[in-house]
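K.L.:
What follows is the residue order along each chain.
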Amino acid sequence: MDAIFIQILNGLDKGAAYALIALGLTLVFGTLGIVNFAHGALFMLGAFCAVTFQKLVTISVKVRDEGVTAFVAYKEQPYLETWFGDTGRIIIDYSVPLSILLAIPFMLLVGYVMERGLIKHFYKRPHAEQILVTFGLAIVIQEIIKAYFGANPIPQPAPEILAGSANVGAWVGLGNNLVYPWWRLIYLCFSGLIIFSVFAFLQFTTYGMVVRAGMRDRETVGLLGINIERRFTIVFAIAAVVAGVAGVMYTPILPPDYHLGMDFLVLSFVVVVVGGMGSLGGAVLAGFLLGIVQSFASMNEVKEIFPGIDQIILYLVAVVILLVLPRGLMGRAGVMDD
Amino acid sequence: MTNTKKPLLNDAFVVIIFAAAILAMPIWLDPIGGNYPDLLQKFAIYGIFAIGFNILFGLTGYLSFGHAAFLGVGSYAAVWSFKLLTMNVLPAVVFGVLFAGILAAIIGFLSLRRTGIYFSILTLAFAQMSYNLAYSVLTPITNGETGLQLARSDPRILDSLFSDGSVGAGLPSTDLFGETMSGYPGFYFCAVLLIICFYISLRIFRSPFGLMLKGIKSNQNRMKYTGLNTRPYMLTAFIISGMYAGLAGSLLAVTDPLAGAERMQWTASGEVVLMTILGGAGTLVGPMLGAGLIKYFENIFSSFDDNVLTQAFSFLPDSVVEFVVPVVGLFVGSGWHLTLGLLFMIIVIFLPGGLVEGFRRIVNYFRSGGKTKPQSVEAHNQAGE
Amino acid sequence: MGDLVLHLENINKSFGGLSALSDVNLHVEEGTTHAIIGPNGAGKSTLLNVCIGRLKPDTGAVTFGGEVLTGKQPHEIAQLGVARVFQTPEIFQEMTLIENVMIPALSHRDGAFRLNAAELLSRQGELRDEAEHILEDVGLKDMMRTEAGSLSRGDKRRLELGMCLILRPRLLLLDEPTAGMARHDTNQTIELLKKIKSRGMTKVIIEHDMHVVFSLADKVSVLARGQIIAGGDPQSVREDPKVKEAYLGGAN
Ligand SMILES: Nc1ncnc2c1ncn2[C@@H]1O[C@H](COP(=O)(O)OP(=O)(O)OP(=O)(O)O)[C@@H](O)[C@H]1O
Ligand SMILES: [Mg+2]
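Just so you know, the sequences run in chain order A, B and C. First residue of the first sequence? That's 1 in my numbering, and the numbers climb one at a time after it. First residue of the second sequence? That's 1 in my numbering, and the numbers climb one at a time after it. First residue of the third sequence? That's 1 in my numbering, and the numbers climb one at a time after it.
Source of the hints: derived by calculation from the structure; they are not laboratory data. One or more of the hints may lead you astray.
As the list claims (entries may be wrong) - Simulated restraints, written as ranges between beta carbons of each label pair:
| no. | chain 1 | residue 1 | chain 2 | residue 2 | range |
| --- | --- | --- | --- | --- | --- |
| 1 | C | S122 | B | Y184 | 31 to 41 Å |
| 2 | C | Q73 | A | P153 | 51 to 61 Å |
| 3 | B | Q149 | A | V68 | 33 to 43 Å |
Claimed, not checked - Where chain A lies over chain B, by a calculated footprint (3+ residues, C-beta under 8 Å):
| no. | stretch |
| --- | --- |
| 4 | 25-36 |
| 5 | 85-98 |
| 6 | 131-142 |
All residues carry an ideal CB built from backbone N, CA and C; glycine is no exception.
Could you build all of it, start to finish, from the sequences and the hints given here?
P.N.:
Below, the structure is given as structure tokens:
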């Protein structure tokens, strides 16, 4: 029981990241009809927003180290600390969540520029060409990041009070040895919040209604005289922001490096396809499902029976689902049939 | 507008020119710094890979993102042939092609149940599975991260039957009946195979089979209602293209008897897509052109570093050099992939038909006295058709 | 007249809640031309889709020449000699006209699958002659090397007709073969269809243009809201009050 519970928890945080990336990917596909291979790069850009923000707030000055009295010693002190004292220290400590403030406008801008500058011209092009051009873009983005930040992963600490683990077992009455890192718990709630907001936005705003109608039948909505193009831009930007903030919050879990995006992209595509291209609910469901499945497959008990299963399980699930359910878990007929 | 296609050259001519150009590469690549045996071998090998990929993607429009798996299997099979049987390259090549063909038959049989992006994802998933397995449970066969290498203690059954048992110092090298397959002989071996592969691909393009594949790309529905069973045609194309990849993989092992799992990673699949698109998918010579260009620039560009650049720009004033070198440096050396990505985007955006399409436009432009406007973007013409 | 060859029995097909075909029964005599008319959205194209295996009927079966077509793959049905001209032409847009016709010619010769990779297209003289001949029949021979995508709508239809004819079908299904054509082109197509009438293949033709219907059809069935409401020879159908009502009702 304990083991199962902990595996589910372990699967959930990875699943949450998959779900968030897949959500944007499938939103863009469903509304714009674009297969965006650069979506993983957006996740990675988000993660590097956190890195940049942390670098910015820790720009330091040399100051006299008062702690050493025997001789004149110097230490590096961030300007923020010098100027604002404790407030500055808190800002630095909370740099990861705070960098969302940087990530949102930045990702909006990136999404806007990308859609207007590139994606827009590919609405009518074949999927193969969309894949290729966004694949090229993904390479470009990741190489630029590599040029500025180097090839090594850059660890980002979570805020200090969230550094430990939560005693989840005690909460649900499963004993004391069931612990789960606080930050992962936060990530779970955070992704729940984001997913909820995206769905609420689509469900309850007129804007979202038009977008949903567009997902179902783009031509009709176009015929109604609604400026669908402008909405497309915004949908794209929203997807970029979702991917970006997902990337920001993931940094304490996995130190980002330049090929983070590509690593997640392949899996996210698997997630999207398993969920059914263009199905938002399917993407979220498949994201969590695959996350959990993967964490179960990495249990030693399972690996003993099926050696190597943890390495291939996601792809295996994807293959089986695609072969058995041609449109994924929740895909609608008529999408991508030809 | 009538859009009449005229053959530029006839087929026999195309093959002869192609063969001559390939065999003479050591000569004409010399002045532009491309005349290293290693690099020449890569041209030929990746040319085969891309030409094979083009038989699938160019003719049928099915975009496989998993061809690296066949490349990898070809390499492993070849190295095992060196280890178990003989250092002669012929069996190695045969096994490489054979095993890749078998794997392609399995993956193709399953993946071809779906079309469009679902097909791409299925092939990708299979290739990633192969890659992950090669790194983990298949370590006894693949030797995991280290990669599969030759050892002095290898049995080499056939070789030991015929030799007197004297073992030379160091590792044996691959050979073709006594001729060592590294350096230029290695290149010529690959080049001959490349020319054969090119000829086969040309024949496929010109056969009813090829026409049927083009029909599937153009309108799969119509094909079905014409009474054609598209599945076996697709599967045959997939297997042929997988065998080309297996051949390329085994040749990688022939020229350097070592096989690693990274050859199967999806970036390697992406690379061959790139080569084919760059040159021109669906054209005969495009893929070779693309493969050559990418390998050439990879070699040239990635060898640049800041020192080389500083020297190259030394004619400029120092302050300018300080500015120019880091900027250019972004695009060369380890940043070469950035150039590649940009190049790739530019091609897909402005010239979806690839370089061959570009040449065709230029030729048309001059033929018509510089008056025509560019032809339709989705031309699927072949050079020398 | 001849025996009945094509039978549609108790065909039902619905899309979600919408019943596109309900309990359709249709029997077609060998060698005749059977027209199906009806207002927009009546289910005419759906009926043909069921015949060629593009759609599976919810209930009922289609038999042709003693073979049950329902449940067969589209290519198997086509191999039995059923060809179709679609409402929106299904042709190979990026290929030349001669290639467009060569492909069905090859599948007529080689069947559902044959590994013909070692042959050369340029050696298929006989087939090429046949293809050119068909193009001549449909009046497109001088444009043989043109890309099909650049044809006018009427020419595309004619090309598609040629692609079907080269299959030497026993049953030819035509979905509005003259829609979007000018009068002159329509008449030409009628002539062409009359010409192949004498070849003795069975034809089912969907048509809005009464001129075409009366020039060609031996029998007419009227489909409205997924049901056959009248049938018989053209003259009697024309005078049937139910038919007028269906058309006028459909217009409301
Ligand atoms: N694949 C499908 N999915 C859902 N509904 C469909 C589908 N095909 C047809 N329909 C619906 O079934 C009904 C009949 O369509 P059908 O195309 O057979 O009409 P039709 O008689 O050919 O009309 P037209 O004269 O306009 O060609 C229509 O209401 C149409 O919207
Ligand atoms: Mg219709």
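K.L.:
Does each hint hold? Answer for all of them.
P.N.:
Verification of the hints:
1. A hinted range of 31 to 41 Å holds for the C-beta pair S122(C) and Y184(B), which are about 37 Å apart.
2. Evaluation of the 51 to 61 Å hint for Q73(C) and P153(A) yields a pass: the beta carbon distance comes to about 52 Å.
3. Evaluation of the 33 to 43 Å hint for Q149(B) and V68(A) yields a failure: the beta carbon distance comes to about 55 Å.
4. Only when three residues or more bring their CB closer than 8 Å to a CB of chain A does the claim for the stretch 25-36 of chain B stand; here the count is 0, and the claim is violated.
5. With a cut-off of 8 Å between beta carbons, the stretch 85-98 of chain B has 0 residues touching chain A; three or more are needed, and the interface restraint is violated.
6. Counting residues of the stretch 131-142 of chain B whose CB lies closer than 8 Å to any CB of chain A gives 6, so the stated coverage by that chain holds, three being the minimum.
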